[in-house]
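Protein chains in written order, with this note's numbering: chain X, 45 to 301; chain F, 18 to 322.
Careful: at least some of the hints might be erroneous.
As the list claims (entries may be wrong) - Sample of chain X residues facing chain F (criterion: CB under 10 Å; computed from the structure): (1) SER169; (2) GLY189; (3) GLY208; (4) ARG226; (5) THR228; (6) MET255; (7) THR256; (8) HIS259; (9) LEU260; (10) ALA267; (11) GLY273; (12) ARG277; (13) LYS293.
Unchecked claim - Which residues of chain X face chain F? A few of them, derived with a C-beta cut under 7 Å, are: (14) GLY188; (15) GLN254; (16) VAL257; (17) VAL263; (18) ARG264.
It should be emphasised that the hints constitute simulated quantities derived from the structure, not laboratory data. Given the structure is predicted, the values throughout are model-derived calculations rather than measurements. Using N, Cα and C, we set each Cβ at its ideal position, and we do this for glycine too.
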Amino acid sequence: MSGYTLTYKGDLAPALTNGSAIRPDTLGALDATALANFAIGRGRRPLRVGDAFAIDGEPGKSLTVCGAPPLDQLGARMESGCLIVDADAGDDLGASMRGGLIHVRGRAGHRVGGPVSGSDRGMTSGQISIERSAGAHLGLRMRGGLICVGGPCGASPGYRMMAGTIVLACGPVDHPGLEMRRGTIICLDAVHDVSIGANFGEDGRFDAAQMTVLHLIAVRLGALNIDGGEALRRGSFCLLSGDRFELNKGEVWLRLP
Amino acid sequence: MHCNLTIIENTFAEAFRMWASRLIVTAASERWARLAARQVCGYATSVIGCDAEAAVELTLDAGNTPDGRPGAAVMMFALNAKALGKAVPNRVGQCLMTCPTTAVYDGLPGVSKTDDSARINVGETLRFFGDGYQKSKVLDGRRYWRVPVMDGEFVVEESVGAVKAIGGGNLLVCGVGQAEALGAAQRAVDAIAPLSDVITPFPGGIVRSGSKVGSRYKTMFASTNDEYCPTLRSRVDTKLRDGVGAVYEIVINGLSETAVAVAMRAGIEAACGNGVIAISAGNYGGSLGKFHFQLHEVMADMASA
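With the rest of the complex left out, here is chain X (with noise of 0.2 Å):
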């Protein structure tokens, strides 16, 4: 896919610890010095991409992000579009997301894929992928889409989840889905525990093989190059419906050893 990298300029670039600005759908449009010129931070010194970046490639749809710090907010409102953070991502990753995809090379902080600030509604579609950790209250508020972790993430993922799917390869998993409503919580770490309260219900242990819309997801993973399809086909899990203080319209599916 073809599109802009941005590279960051290190020491050089001035401090910047919002990347809201950061989107595939509207930086992706521009022409290299437009691109250059957009500005990217608010304050007394208005600060451009061109400042704290580096930049290659030209127009598309793809956007990726190179060696910058963890920047807050990246991809926040985005709508479609592919932004690739080939480094860590800091707080409110993919923020009220509305569609395209998200791939982050490190880490990401707390809240991805929740509400923007001053907002209720956490990312409504698209695609979050991670490759290492993630922080606490992934999936806060989410109201659809997909969000992968491929390392452990902090407390309490899917808090007051609405709907969306969230898959998760590593444990331990603390409170997963907790308040959710509706949505799907996948722990495919069949080793670490998972600490869930009697706010969820278990209706028993299941073959990924009887479960149909396990394989739709397994599906959708393959298709974004995501590992843990062959888990989801052949697995099997234990399922809890929850939270039973909310609609207790969601799932959470635990992977059995």
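Given chain X, put chain F in place with the hints provided.
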């Protein structure tokens, strides 16, 4: 015109406008995928008496289905989008939701509502069987309904695409006897089977009771094609050549004129041979349908292709 000793009559197959949907049916095993696909195509030979014309288009291996399980592509045809919109959810509800392990997906994704296409609600209707326990899952922009059933969940896509298509493409295989005609018709169906975008909805793809439009009885709007019945040769204005003892018809419904023509010529090529006196086609003088497939043109296309 001759093909391999068989005469290709200078006539045309008269086909007409229909609407079609394609369903992808999957199941836990090839056996159940096959059974499910067969079941949903039951009692669906002709819209003269059925709600739809349906048949298995292709069998699909696990790598080519939306959920990675073995499956089949099934096509359903009806005279208009409204009729198809009733037939598809009824058939899916009674024949596939009930069938162990199955799931149903849209085989025409990306088809949206226009003058020439429609969306037919399937999961959107059937989800209510879940009595409030149904859930949906949206993946990559497509919504799947998950209806809790006694073997787990019935997964069915919210809606399927429907497009304008063609019904009633046909061949008449005229043999010296029943065995010769049937053998030739079977060869034709076997040649058409691997082709995509077409189905042959009759039993084993073959019709013995070819029909004409109208009847001497007021209540019948289709009746036996007497001109091709060998036992009536002396009593009617027969179209049978000397020596023809039995005729079988192969009806081909397809998504496009090209698909139907390709299937017709594949069928003709396979059917021609020893014991087959002629290949003809059914038409009603051009009064029934607007698509005319001239056999000689279909065969000429083959020569040039």
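Each hint tested on the structure:
Proximity of SER169/X to chain F holds as hinted, the smallest CB-CB distance being about 7 Å (cut-off 10 Å). Nearest Cβ of chain F to the Cβ of GLY189/X: about 8 Å, under the 10 Å cut. The hint holds. Restraint check, GLY208/X versus chain F: the minimum CB separation of about 8 Å is within 10 Å; hint holds. Of the supplied interface hints, the one on ARG226/X holds, with its beta-carbon coming within about 7 Å of a beta-carbon of chain F, less than 10 Å.
Interface restraint check for THR228/X: the shortest CB-CB distance to chain F comes to about 7 Å, inside 10 Å, so the restraint holds. The interface hint given for MET255/X holds, since its Cβ lies 6 Å from the closest Cβ of chain F, which is under the 10 Å cut-off. Residue-level restraint check for THR256/X holds (minimum Cβ-Cβ distance to chain F is 4 Å; threshold 10 Å). Because the smallest distance between the Cβ of HIS259/X and any Cβ of chain F comes to about 4 Å, under 10 Å, the interface hint for this residue holds.
Taking 10 Å as the C-beta contact cut-off toward chain F, the hint placing LEU260/X at the interface holds, the least distance being around 5 Å. Nearest Cβ of chain F to the Cβ of ALA267/X: about 7 Å, under the 10 Å cut. The hint holds. Interface hint status for GLY273/X: upheld, as the beta-carbon distance to the closest one in chain F is roughly 8 Å, under 10 Å. Annotation: ARG277/X was flagged as interfacial toward chain F, and the flag holds, the nearest CB pair being 7 Å apart, inside 10 Å.
With its C-beta approaching chain F no nearer than about 6 Å, LYS293/X sits inside the 10 Å limit, and its interface hint holds. Annotation: interface hint on GLY188/X holds; nearest CB of chain F at approximately 6 Å, less than 7 Å. The interface hint given for GLN254/X is met, as the beta carbon of that residue sits about 5 Å from the closest beta carbon of chain F, less than 7 Å. A least Cβ separation of about 6 Å between VAL257/X and chain F falls short of the 7 Å threshold, and the interface hint therefore holds.
A distance limit of 7 Å between C-beta atoms decides the matter here; for VAL263/X the minimum to chain F is near 5 Å, and the interface restraint holds. With 7 Å as the threshold, the beta carbon of ARG264/X comes within range of chain F, its nearest partner Cβ sitting at about 5 Å, so the hint holds.
In this structure, every one of the numbered hints holds.
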